[in-house]
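> Sequences listed follow chains A and B, in order.
Here full-length UniProt numbering is used: the first residue of the first sequence is 1, the next is one more, and so on.
Here full-length UniProt numbering is used: the first residue of the second sequence is 1, the next is one more, and so on.
Hints in this document: simulated from the structure, not taken from any laboratory.
Treat the hints loosely; a few may be bogus.
What the hints assert, rightly or not - Pair by pair, the computed Cβ-Cβ distance ranges are:
#1 Ala170(B) <-> Leu229(A): 27 to 37 Å
#2 Arg94(A) <-> Pro56(B): 12 to 22 Å
#3 Lys218(A) <-> Gln111(B): 48 to 58 Å
#4 Lys80(A) <-> Asp58(B): 22 to 32 Å
#5 Leu228(A) <-> Thr61(B): 49 to 59 Å
#6 Thr4(B) <-> Pro92(A): 46 to 56 Å
#7 Gln121(B) <-> Lys80(A): 20 to 30 Å
#8 Gln111(B) <-> Tyr25(A): 52 to 62 Å
#9 Ala147(B) <-> His216(A): 28 to 38 Å
#10 Pro92(A) <-> Ala147(B): 40 to 50 Å
#11 Lys17(A) <-> Ala214(B): 55 to 65 Å
#12 Thr61(B) <-> Leu229(A): 53 to 63 Å
#13 Thr4(B) <-> Lys218(A): 52 to 62 Å
#14 Lys80(A) <-> Thr61(B): 51 to 61 Å
Stated by the list, open to error - Straight-line Cα separation of at most 25 Å, SDA-like style, residue types lysine to any residue; simulated pairs:
#15 Lys240(A) <-> Gln287(B)
#16 Lys240(A) <-> Ala122(A)
#17 Lys76(A) <-> Asn128(B)
#18 Lys17(A) <-> Arg125(B)
Please read all numbers here as calculations on a predicted model, not as lab measurements.
A virtual CB, placed ideally from N, CA and C, is assigned to each residue, including glycine.
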Amino acid sequence: MKTLIALEIRRTLRNKKFMFFSVIYPSALFLMIAGTQGNAKVPGSDLTMPLFVMVAMASFGALTSVLMGNSERIAKEREKGWVRQLRLTRLPGRGYVLAKIAGSAVVTLPAIVIVFVVAAAAKGVRLDAWQWIALTAVIWAGSVVFAALGVALGYIASGDAVRPVTMIVYFGLSILGGLWMPATLYPQWLQNIAEWLPTHAYAALGQAIELGGAPHAKDVAVLAVYFLLFAGGAAWLYRKDTLKA
Amino acid sequence: MQTTPVQFTGVTKAYGPVKAVADLTLTLRPGETVALLGPNGAGKSTTLDLLLGLRPADTGTVSLFGTTPQQAIAQGRVGAMLQSGGLMEEVRVREIVGLACDLHPKPYPVQEVLDRAGVAQIADRMVNKLSGGQEQRVRFALATAGANDLIVLDEPTTGMDVTSRQAFWATMRAQADQGRTVLFATHYLEEADAIADRVLVLHKGRLLADGTAAEIKAKAGARRIAFDLEGAIDESALGALPFLTALKVSGRTVRMQSHDADATVHALYGLGLYPRNLEVAGLGLEQAFVAITEAEENNSQGALSA
């Protein structure tokens, strides 16, 4: 299994185009969005706009690469029969999923770090050392939730349907969850919904750290529930897929 | 010493109303090289899927080495090369073969597997840049990454040219000579004829014939007769010839198959006919196969006779 994980990581690293854009574009978006805002406070929060956008874009970037990377690849490999071939080895199903998550985590880490570097250099964001480290760790770890979602999507949709389905889920979650603009700007009813989305909880982890505290238990719990839901769903879909082919 | 490699008992698998495999009972013995023949849609791929545990049977049981297919695979007793088995992309041949060796409980050294499958020269190529025949050889390398007791191959030589096909079967025979059981499905009947100890003919999910290539040929009617006739051809008179198993008239050419070609030709002259370009030849496995499946087709269309 270690060989498979190593191989998945190497494949991701080899895919230079995917790597480049996944790593670069959260930082580019950060500059575009944070550049237009001054250092005003985010409504309903003590965070300044650059701080908010930094965590939002780091989370968004991590989300992008794990979600897009996994769903499309899995759907493709399922179609091509590689998953079938793997089932003729003693590799357990979860080994494949684990390797996929590991392969995508390789992209997430540099994407997060580069957003931070750009934020510190271009927008003068300053945090304590522990905050930088905790932010990196929390955003990286939280991306596992969406990696599981990506696996599940790869099993739900196939062929041409994967991309649109992934896109809808991706933009829906990103916008509603407040990754692109603070959810506090939304009407109250939408805020009530946003609060329970995994993306909102994900961004909230980082924001709590930026404010100098620990992530809220509620957000951690929301993410944990979603992780179980997505991973459970992925496992169930994997088994269903097994019956089909 | 060895347990039965493959045992199907009353196995049925249907997709909706279509029975892909119908009440299949089958035993493969250790060390046999067995060809699985059948026209498209005969249920070959479904049979192999059931054998490998990729699909569950509706009824009946499939056991490999006295256990479930999944367990036999986990124990590293089965190597398989699927027609539908894709390869991992963006990796080198050496890497994917290395992965197969790593996942096998009783692996061979990677270099040895590469050499044996004839992919050592392309070991550093990317998998997604290979030709069809090269891909097949990589699949073969995956199927032989370790010391399996049973090797299952679905259309293994598809996409290979004649030379690599011959090289492939030489490799395969070496595997069989080590006492392995080999089961392969193929479209190329001459492969079955030349390589298999035993031939299974599958048609519409049922086992039509099971024997050596020679026995299958005998079953289909021993010889084929072909000739041309001038003038009007009286098909019913020709159809009444003794020992005839098949008759086909196309234009002036008459083709027939007979259990006793000597008697049939004798009777043919007895009709007062003067056949030209007369040819009498043994039936190839291919014709035998066509004869068997056609006979079955006619049986199932006509009155049901059990």
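> Give a verdict on every hint.
Hint check results:
1. Ala170(B) <-> Leu229(A): 27 to 37 Å: 53 Å, violated
2. Arg94(A) <-> Pro56(B): 12 to 22 Å: The hint (12 to 22 Å, Cβ to Cβ) holds, given that Arg94(A) and Pro56(B) are roughly 20 Å apart.
3. Lys218(A) <-> Gln111(B): 48 to 58 Å: Between Lys218(A) and Gln111(B), where Cβ atoms are some 56 Å apart, the hint holds.
4. Lys80(A) <-> Asp58(B): 22 to 32 Å: 27 Å, holds
5. Leu228(A) <-> Thr61(B): 49 to 59 Å: 36 Å, violated
6. Thr4(B) <-> Pro92(A): 46 to 56 Å: 27 Å, violated
7. Gln121(B) <-> Lys80(A): 20 to 30 Å: Distance hint for Gln121(B), Lys80(A) holds at roughly 25 Å.
8. Gln111(B) <-> Tyr25(A): 52 to 62 Å: 42 Å, violated
9. Ala147(B) <-> His216(A): 28 to 38 Å: Once the Cβ atoms are compared, 55 Å apart, the range 28 to 38 Å for His216(A) and Ala147(B) is violated.
10. Pro92(A) <-> Ala147(B): 40 to 50 Å: The hinted range 40 to 50 Å is violated for Pro92(A) and Ala147(B), with Cβ atoms some 22 Å apart.
11. Lys17(A) <-> Ala214(B): 55 to 65 Å: 58 Å Cβ-Cβ, so the 55 to 65 Å window holds.
12. Thr61(B) <-> Leu229(A): 53 to 63 Å: 36 Å, violated
13. Thr4(B) <-> Lys218(A): 52 to 62 Å: 59 Å, holds
14. Lys80(A) <-> Thr61(B): 51 to 61 Å: 31 Å, violated
15. Lys240(A) <-> Gln287(B): 42 Å, violated
16. Lys240(A) <-> Ala122(A): 49 Å, violated
17. Lys76(A) <-> Asn128(B): 13 Å, holds
18. Lys17(A) <-> Arg125(B): 20 Å, holds
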